[in-house]
Every structure is written in C-alpha cells, then in structure tokens.
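In order, the protein sequences belong to chains C and B. Counting from 1, one number per residue, gives the positions in the first sequence under the working numbering. Counting from 1, one number per residue, gives the positions in the second sequence under the working numbering.
A hint or two may mislead.
[Said to hold, decoys possible] Below 25 Å or equal to it, Euclidean Cα-Cα: the simulated PhoX-like pairs (lysine-lysine) are: (1) 51(C) <-> 104(C); (2) 250(C) <-> 104(B); (3) 26(B) <-> 70(B); (4) 36(C) <-> 250(B); (5) 104(B) <-> 244(B); (6) 14(B) <-> 70(B).
It should be emphasised that the hints constitute simulated quantities derived from the structure, not laboratory data.
Protein chains: 2
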Amino acid sequence: MNKRDNAVVVAMLKANAGIVEPALKKYLSEDDAHLKVLLDAERYSTFAGGKRIRPALVLEFCRLFGGDEKAALPYACAIELVHTYSLIHDDLPCMDNDALRRGKPTCHVAFGEAVALLAGDALLTRAFEIAAQNRPPDRAAEAVAELARAAGSFGMIGGQVLDLSGETSTLDFETLLRMYRLKTGALIGAAAELGCIAAGLDKNDARRRAAAAYAENIGLVFQIIDDLLDVTGSSELLGKACRKDAARGKTTIMTYYTPEQAKQFAAGLTEAAVASISGYPGSETLCALAYYLLERES
Amino acid sequence: MNKRDNAVVVAMLKANAGIVEPALKKYLSEDDAHLKVLLDAERYSTFAGGKRIRPALVLEFCRLFGGDEKAALPYACAIELVHTYSLIHDDLPCMDNDALRRGKPTCHVAFGEAVALLAGDALLTRAFEIAAQNRPPDRAAEAVAELARAAGSFGMIGGQVLDLSGETSTLDFETLLRMYRLKTGALIGAAAELGCIAAGLDKNDARRRAAAAYAENIGLVFQIIDDLLDVTGSSELLGKACRKDAARGKTTIMTYYTPEQAKQFAAGLTEAAVASISGYPGSETLCALAYYLLERES
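So that you can see chain C by itself, here it is in the shape it has in the complex (with noise of 0.2 Å):
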C-alpha cells in the first residue's frame, strides 16, 4: 500500500461512520412529542454530514491494538457527540456568529438560539452518560474523565478562550500553538486515548503514549490546514464560509506563516504523527490517515 493511499483513508472512514452512524441513531432515537423541537435539532446537527473521523479513531486505535471493537463503539460515540456540541455553540451568534456549516443552515439558524443553545447541552450531557454506560465500568469512568478533561477548560473549552482572545489582540507564536492544541488537539487526542481505553491499555502503556503523540500531531495538523483552507480553499467546497478569519482580524498559522510555510510546518508535524505510530503493524491506514488531512481541500 502506498503511504498516500488517499482510496484507502476514504474507503476506512466510510466503513467507520457505517458502524458510527447507526449506533448515533439509536442513542438520538428516543421521541416525545412535547420535546420534539431540542431532539430533531440533536439529531439535525448530529447528522449533518460530518466525515466522522473522531470516532474512526476511536475504531482504528481500540482495533490496532487488539481490542474488540464493540467495546470502543460508545466512546466513538460519545467523541462525535463531544464535537458535535462544540460546532452548534461555537456556531451561536455570541460567538462565531455562521450560518452555514456544511453546507447546510446551522443549529440556530434551523432551530432558533434558545434550542441550539440547550441541544449542544444535551448533546455533550449524553456524550457523558453513554461513556459512562460502556462496560467494564472501571474503564467507563476512566473514559469519562479523560474526555471531560479533554473537553474541559484546559481543553478544548480553553482553546475556545484563546481562540476568542485572538481577535481582540495578536497571540504569540507558542499560544497560537497551544491554541490549536487545546481547541482541535485535545478531542482528537481523547478519540485515540478512548480506543486504548477500550483496547484495555494502561495509562503508560507505551503503545497508548504512541496513539497520544499521533494524535496531537494530527490535530495540529488538521487545526492548521484549516486555517490555511479558509484562506486558500473555496467555499463552495468547503460548505461554510471562507476569509472569515482575516476579516475578524484573528491569529492564525497566517498570521506568522505564508502558506507554503504554513503547509510545509504541517507537514512535519504530519511525519513526527506517522514516526510515533508506524512502527505497530497494522498501522499503514493511520498513517495514510495523517497524509490524507494535510493534503485536504474541505
């Protein structure tokens, strides 16, 4: 297999989201007429054609070391649901004020502001009681707080924090990076830990150490190509608005990088993520994974 199989990464994430989407579908299910309006918006944003790769990570890390994949299927669950919440509230008018997210009108667009506000509540409060519903609940509640904490304010609310504080005044370099590293990094690096929770590995197993540094890697890497795209890319492709960035007069890898050097720090980043996985056998698709994000175009 060539290491930039993009075939490959596409046809793992389809196969992925086919276990992911039906497992999401029962977890929304439950109706009750008088809530009708909070669940169809649960389940408006929760299906909105997201390419679900939070939980594909979560599958591939529990699978690539050895563990059963039904085990990490609720915490692949409960990530989606995680990021979900977090792109109808940084959607809301007090904060990134879109319309659009993939291609489609956003939560309160669709729904109004009070129900978007308490969907993306429902959505991260039910991330948490499917996590900790998995079995054996000793590893449940270690899943639960890794990715409370992942999610939290030294997380990715945290990253929302810096992120915001970027438009009112320049972030150094270093912040920038932590930035992106709590904001995108910190769930992406909770989707590869929860895989190796469900895999049944220790905090210090070596391999889950691994799956740790891909992923914070990858997730710098998927912050900065976004960033880039909203300069380079189109919206069209992209389903959301583009330039959005430059007109808020906010930090970004631009703000320091042209984009050949934005696209050429991400690619080292992209080899330091592959050199920490690709020694495990098993691992080509991962590391095919990792092209395929910073060769993206939406």
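Chain C is already provided as a structure; the job is to place chain B on it using the hints.
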C-alpha cells in the same frame, strides 16, 4: 425536635456548605494566565452565594444510609456545578435574559455572552470529570450516568424546553407538572440518588427509592414555591427580578391556582415527601428541610 424547626435546617445547610465550598474551591483552583477570564467566570458563578441545597441532599442522604461523607463529596460538588451551569445558560439573553441573580450581575453581564456560554459548558464538563474520578470506579460510572440522565434531554434540559414552550402556548396542567419535574425535580432527584450511590445502595434498594420519592416531591414543591414567589415575593428578598412570568405570559402553577391553592398543593406534596423517608431513623432534618422549602420566602 419540632418537625418544622427552621434553625436546624439553616444549621444543617450551613454545616454542609462548610464542607462543600472548600471542596469546590479546590476543584476550581487551577489558574492559567491565558484562560483567566474563563476561570474567573466559572468561580464567579459558582461562588455567587447559593444555598447549596443540592449538595446538602447528597451528603445528608449518604449519611442517613450509613455512607462515608468523603465518598459523597465529589458527587455533591458535581451536582452543584451542574446546577450552576444551568443557571448561567438559563440567564443568557437567548433564554431568560436575566441581568440579576442572587443580587449580583449574571455571568454574561459580568463577563460577556461568549465567556458565559463557555463557562457554563466548562462547569458541566468539570462536573462529569469530578464525578468520574471518584472511587470506587463502578459507582462513579453509575453516578455519572445518573447525573447525565437527570441533566439531559429527558431531565433538566427537557424541562427547559417545556418551560420555553410554556411561553408561547399554554401547557395543560399535566404537562406543567412534568415541566416542573424535569426542570427542577430531576436534578434534586439525582442529588438524593447520588447520596445513595455514595452510601453503596443498589438501584433497587428500598431506601434509594424512598430517597428518590422524597426528592421528586420536594423538587416539585421547590419549583411551585419559586413560581408562587415570582407573584407574591419581593425582588429585594429574592435577589432577582419578580413578576417575570406574568409579563412573559408563561404557564406556571399560577395559571391554574390562586396563591392559596398553590400553597395547599405544595403542602400536600411536602407531606408526601416527608412520609416517604420519616420511617428512617435520623431523617428528621431532611423532613424539616421539606417544610423549610415549603415555607421559604426567598
């Protein structure tokens, strides 16, 4: 002891707050120059002077059923953080748009809407992290699942949605009671359940069912008295604006009952609450708490 001894209740709440507040301070103590505004907002709302009724219930039920209060303390803190997050989000402009809470500016007035949104998200997330890290892990996982269920779409958040729909259409009496049960009763019920979980009681233990019945009833009473005080109380005593419900045309117990009838209805629920636990030796203070919540004026 007089069954309506308010002094005993006040002393009990104060003693429990004296245990819970230092623990909350410790959980929210981490500092970070880049995240100062977020962490300050989390602490501002958490230490805004609540009565700490929910954490008191966790600790009291744990003690009542022979548990070690140390095992209950993380759950007590987690419940209070979930309660605090719900107040922050509930006060946001897209929800109730309240400027005053417990006599102080609400979080979004003090820190801006984006930070208030994220601080709420962060406290909810931290709550699950704290609960998940408690020991033993199997009980921690059960506690997280119970807390998430009570806080989620078919608990507190569902109650908020019903509450919102009660502003644009009149809820029938049954739906109104369901709204009360979800919006307020669910989290108060979870407080009782988490105390029982900390004491090692199984889901089907009769003591746990008694605690849940007590909590469901005092939760209903709590919300009924809240809505009664909105009509009959004073802003000065309550530390928040009054007469809001009528101004918004919101369905409350006052849509169906006179103040006297509402009070009588709440008194019946209080007797039911007391009856469900009064057979357990040591339950006197919890019984007195039920009367205290019925008679409160703020």
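| field | Structure versus earlier hints - violations, ascending order | value | Hint check: 2 fails alone, others pass.
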